[in-house]
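What follows is each chain in one-letter form.
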Amino acid sequence: MKEELEKRIVKGPDGIEFEVEPLRDYYCEAAPTVMPQAYSKIIEGFFNWARAESLWILGFGTGCGAIEMRPLMTPRFDAYRYGVQWRPTPRQSNLFIISGYLSVKTLKRAIRSYEQMQNPKYVIGLGSCTINGGMYWDSYNTIKCLDDYLPVDLYIAGCMPRPEALLAGFEELKKLIRAGKAEGANQYAENFEWYKANQKKVILDWDMPDYNW
Amino acid sequence: MAPFKPFQDDRSQYPEKRADGTLDIDLSSGKYLKLWQGPQHPGITGNMSVELTVCGDEVVEGKTHVGYLHRGFEKLMERRTFIQCFPIVCRICVPEPDFNEYCYAAAVEELAGIKVPEKANWIRTLILEMGRINSYLMYLGGQAGAFGMGVIGQWTTYVRDLMLDRFEELTGARIYHMFIMPGGVRDGLPDGFEARMEETLQEIESTLQDVYEAMFCNAIYKKRAVGVGYIDPALLDSYGVTGPTARAAGVAKDVRRDQPYLVYPELDFEPVVATESDIYARSDVRRRDLLVSIDLIRQILVRMPKAGPVMAPLPNVLHWKIPRGETYVRGECSRGEYGYYLVTDGSGYPRRVNVRGPSYTHAMALLERFIVNVNIADVAGLMVSLHTYPPEIER
Amino acid sequence: MRELLESLTTPYSLTDPVEQRPDLAFVTAGRGQLRPLLMHLRDKEGFTHLVILTAVDWLEEGEFQLTYLLSDRTHGRDIGVRVMIPRDEATMESIHDIWPTAATYQRELREMFGIDFPGSTRLNEDFILEGWADIPPYRRDFDTLKYADETYKQRPGRETRDPAQHMKEQLYPDGK
Amino acid sequence: MEFEWIKIPYSLLTLFIVVNYGLLMTAFIAKIAARVGRRHGIPIYQNYIDLIKNYGLRSSITHGVMFYLGPVFRLSGGVGLLLFVPSIYGSEMFSNLSFAGDLILALYFIFFGTLGMALGAAESGSPHSAIGITRGLSQVTAAELPMALAVFSVALQYETLSITEIVAAQQGSVLNWTLFTNPLAVVAAMMAFLGSMMRPPFDVVLAPQEIPIGPPTEYHSSYLALMQTNRVIFPVAKVVIYTNLFFGGATNWPIFFLKVFLIYMVSAFVGVAFPRFRVEQSIRWFLIWAMPLGILAILLV
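Taken in sequence, the protein lines are chains A, B, C and D. Take the first sequence: its position 27, counted from the start at 1, is 27 in the numbering used here, and no numbers get skipped. Take the second sequence: its position 110, counted from the start at 1, is 110 in the numbering used here, and no numbers get skipped. Take the third sequence: its position 136, counted from the start at 1, is 136 in the numbering used here, and no numbers get skipped. Take the fourth sequence: its position 26, counted from the start at 1, is 26 in the numbering used here, and no numbers get skipped.
For the record, the hints were derived by calculation from the structure and aren't laboratory data. One or more hints might be untrue.
As the list claims (entries may be wrong) - Computed list of lysine-lysine pairs in PhoX-like fashion (alpha-carbon distance at most 20 Å, straight line):
id : chain 1 : residue 1 : chain 2 : residue 2
1  : C       : Lys153    : A       : Lys200
2  : A       : Lys41     : A       : Lys181
3  : B       : Lys34     : B       : Lys63
4  : A       : Lys196    : A       : Lys41
5  : B       : Lys63     : B       : Lys31
6  : C       : Lys168    : B       : Lys321
7  : D       : Lys259    : D       : Lys31
8  : A       : Lys201    : C       : Lys168
9  : A       : Lys41     : A       : Lys200
10 : B       : Lys321    : B       : Lys115
11 : B       : Lys306    : B       : Lys119
12 : C       : Lys153    : A       : Lys201
13 : A       : Lys196    : C       : Lys168
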């Protein structure tokens with residue numbers, strides 16, 4: 001553990017000494033809670049329709065799949081037509097596209113970003129390497145099975161999947177959301193212990209950075 | 001009292017250094033702010049992060065953090081046969097994968113003593129130049145985007161898609177082509193390829209003209225890019241700077257010209273040079289280099305031999321052993337010198353493969369030095385102007 | 001290239017010169033000779049560009065081979081200087097003061113091979129890996145497949161085949 | 001002046017019309033901007049869906065009281081601006097809550113939202129927000145100067161502080177518009193307008209490539225929805241002031257829509273064609289180009 005994260009006594013500018021325990025003070029350790037659906041089925045259905053038609057993607061290119069994101073935003077494929085937008089901050093995004101293999105170092109940031117997103121949130125695993133490791137099945141630094149660490153709603157296979165595949169994937173995801181089947185965030189909250197145990201098994205250096213880096 | 005001119009006077013002595021040479025930065029003083037850019041940050045070129053210490057609007061210290069994309073290619077290749085390595089090498093660098101294929105294939109051919117047919121060399125050159133155009137188009141959009149001009153990215157990505165169509169026609173894939181094999185290339189040109197290529201090139205040229213007028217003649221772009229991010233030509237060698245970044249500093253070094261490979265000796269071109277060594281010069285060098293590549297493709301399509309084999313006979317690849325030796329093969333990719341250092345030990349597997357990506361030096365030592373005393377607003381532009389791709393740093 | 005090698009061989013007691021291509025040669029230098037040799041190459045012979053600095057693990061011989069590849073961009077020629085250091089005492093002089101960019105290479109070698117370069121800047125900071133507890137991964141005795149199997153859950157149903165064996169079964173199904 | 005209670009439902013009706021118009025118009029302008037990039041762009045109803053979705057998100061976290069109040073302040077800035085300015089000249093229904101000194105109040109409301117936002121975003125704790133706020137406040141201040149000067153110039157010209165009277169003075173012919181009677185003030189004010197629309201070249205506050213995305217970095221779900229609502233009201237409200245002060249006001253809704261759209265398009269056109277200024281460059285631009293024009297306008301009046 002880094003020195004600045006250890007429990008210590010700090011003297012404030014006014015001369016009063018107080019105890020600081022950075023891991024508890026700085027980082028929120030509260031587990032996510034399961035968020036109930038709207039009390040009325042009709043309202044929930046209406047909200048689900050709106051959520052499906054307005055997918056805001058977190059602009060975090062975790063792997064090589066990020067290269068096909070640019071064409072998706074531009075004239076040939078123009079995903080904006082389908083209500084898909086890119087947001088630069090996890091707080092405002094609903095959809096996290098894991099664009100390819102996740103190295104252990106990125107996995108930590110991906111989890112951090114995912115936990116910052118607001119419920120309901122969706123995850124798409126892009127590329128064969130998120131499904132079973134793909135080309136990197138014997139690599140010492142990439143995870144092989146994404147749904148052990150994050151709740152995945154949809155996988156898009158291929159190396160690398162074409163933008164058309166991504167567009168089709170968005171449409172599939174919309175169907176899932178409209179049907180009320182994309183409850184990944186609640187699933188994550190319910191099985192939080194299990195996910196955390198899996199994550200901690202591969203991420204050995206488990207002190208979370210100040211914020212999202 | 002001297003007039004206050006922010007970011008124009010000499011700030012190189014700031015912040016003060018302590019006696020042991022480290023910077024005198026006390027974070028608890030409240031004067032400085034730690035600012036992480038990336039990996040989840042839209043202004044970062046790919047998945048890496050820059051740890052900035054800022055004072056007001058000025059960066060006083062910058063550190064690059066990489067490793068988010070590390071897959072251990074060099075280790076993985078040690079347990080794959082020579083032909084099994086071929087499909088994974090292209091995954092090292094996403095925007096311009098062909099250089100990995102070429103450098104790897106050339107290194108293996110050299111150590112195994114395989115002579116590549118003439119026509120395969122022409123097709124390889126064609127592929128590499130097409131890849132260079134792709135990469136530059138991506139860069140131009142990124143550079144304009146870093147200064148808040150999203151439209152250029154839309155235009156260039158559109159024509160890049162057209163170029164990807166030509167790739168698809170030729171190789172069957174958009175991004176990872178896996179076309180340049182040890183021994184040659186997989187196939188010849190399809191029928192009518194030259195005509196369709198010419199159409200694409202014309203489209204790219206007209207878009208480039210638009211980009212020139214909208215971006216390079218734009219007063220605000222000039223204001224943001226001229227004189228910003230100056231790299232002293234005297235420092236180029238000690239920081240291992242190659243490619244367009246070096247050429248923008250007035251050093252006419254181009255591997256295609258100095259140590260020609262493939263069919264470059266037969267082609268007619270001059271390296272593009274500028275002298276100002278700022279962001280504007282670097283982007284302008286790349287734009288003009290793009291025009292050179294277009295011209296090269298036209299030359300290649302005219303002068304390429306029409307018939308002949310494209311693949312040299314290989315030994316049985318399942319039991320292919322290469323005698324002990326070591327070599328280094330390089331090429332000039334869109335960002336600088338790309339090279340493969342291959343060591344074999346007489347077995348069926350490479351002993352060691354080391355990839356030299358130009359970003360390795362650009363994004364680490366160079367960026368960390370030149371990011372200091374820069375306005376935060378210019379950090380993204382400066383980083384993009386070095387044209388770095390993180391996957392080739394950590395592989 | 002040959003004249004250059006001949007002129008260098010005696011003063012720096014170089015061994016094993018290999019002229020791989022007309023513009024590329026490899027030589028082996030002693031551990032103590034490296035710095036004067038690099039300085040001579042850089043200042044007198046025009047090899048101003050450090051292309052790569054990397055290591056090769058010769059596990060069987062118990063040695064690391066460090067390769068310093070220098071390039072003379074004016075004349076378009078390269079020279080690779082090999083330095084053999086023992087595996088169990090993997091320390092080498094740092095050259096980050098000759099080429100600032102070498103510090104990055106040395107950080108990588110420190111992390112990936114466990115070779116120490118005393119004095120190099122930011123040497124012991126994490127470079128690529130984070131929280132790595134095993135032996136350095138690029139060493140030959142590190143088995144990446146074993147590590148991956150032990151650490152990460154593989155998805156059930158994925159099959160791995162030996163290519164030679166698999167092709168044999170495909171081409172000769174009778175088992176002839 | 002007696003207060004009539006019927007004004008409240010009437011001005012709420014204005015608000016309703018303006019919100020819907022704003023949602024459609026921003027989507028339409030986004031489509032036009034997308035056409036420059038050779039794209040189709042978002043569907044015209046996309047803003048409604050985004051808004052519903054953000055209101056419909058299940059979870060939201062807070063960083064403190066001010067974080068909560070930030071979007072509220074911002075929205076009240078936009079709504080207040082709209083409600084105290086007559087949107088349709090000559091209409092009893094849509095003159096809203098305007099009164100004799102409303103020009104001063106309007107100037108105050110333009111600044112109000114930004115200040116509230118600064119307090120709220122500062123509490124979110126993200127350093128990107130902090131940087132965005134310092135940039136935002138300094139740039140808005142620089143951009144407000146020419147605006148204020150132009151407004152004073154107009155007030156001096158017509159010798160009134162009531163927007164209704166200013167509009168009344170411009171009726172009759174197109175040549176009576178301030179645009180033609182006091183062009184310097186209009187130019188200075190339009191420059192300030194560009195600066196406050198958060199579009200390039202003056203979008204350094206948001207600057208997605210530098211500080212994602214400035215003050216609203218930490219805002220999400222219903223907070224963000226509030227801010228989105230404000231983002232459609234506030235520009236329209238501001239453009240309403242511009243039409244009233246400089247472009248002869250509007251006597252009915254179609255003319256209102258047309259004028260608002262055209263003035264809005266100015267910033268959109270400039271926005272797609274230029275990259276962005278650094279903050280000190282943009283402040284210098286305002287001080288060098290817009291400020292002297294504003295002062296000149298006052299002197300000439």
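Hints, verified against the model:
Restraint check: the Cα-Cα separation between Lys153/C and Lys200/A comes to about 13 Å, which is no more than 20 Å; the hinted pair holds. Pair hint Lys41/A plus Lys181/A holds up; C-alpha atoms about 14 Å apart against a cutoff of 20 Å. Taking the CA atoms of Lys34/B and Lys63/B, the gap is about 11 Å. The hint holds against a cut of 20 Å. For the suggested pair Lys196/A and Lys41/A, the alpha carbons sit about 32 Å apart, so the restraint of at most 20 Å is broken.
For the suggested pair Lys63/B and Lys31/B, the alpha carbons sit about 19 Å apart, so the restraint of at most 20 Å is met. The suggested pairing of Lys168/C with Lys321/B holds, with an alpha-carbon distance near 18 Å, which does not exceed 20 Å. Between Lys259/D and Lys31/D, the direct Cα distance comes to roughly 19 Å. Compliance with the 20 Å bound is thereby established for this hinted pair. Restraint check for Lys201/A and Lys168/C: the C-alpha separation of about 39 Å exceeds 20 Å, so the hint is violated.
Taken as a hint, the Lys41/A and Lys200/A pair is broken in the structure, with Cα atoms around 38 Å apart against an allowance of 20 Å. Restraint check for Lys321/B and Lys115/B: the C-alpha separation of about 17 Å stays at or below 20 Å, so the hint holds. Restraint check: the Cα-Cα separation between Lys306/B and Lys119/B comes to about 8 Å, which is no more than 20 Å; the hinted pair holds. A distance of roughly 10 Å separates the Cα atoms of Lys153/C and Lys201/A; the hinted pair therefore holds under the 20 Å criterion.
Proposed proximity of Lys196/A and Lys168/C is contradicted: the alpha carbons are some 45 Å apart, above 20 Å.
The earlier numbered hints that this structure contradicts are 4, 8, 9, 13.
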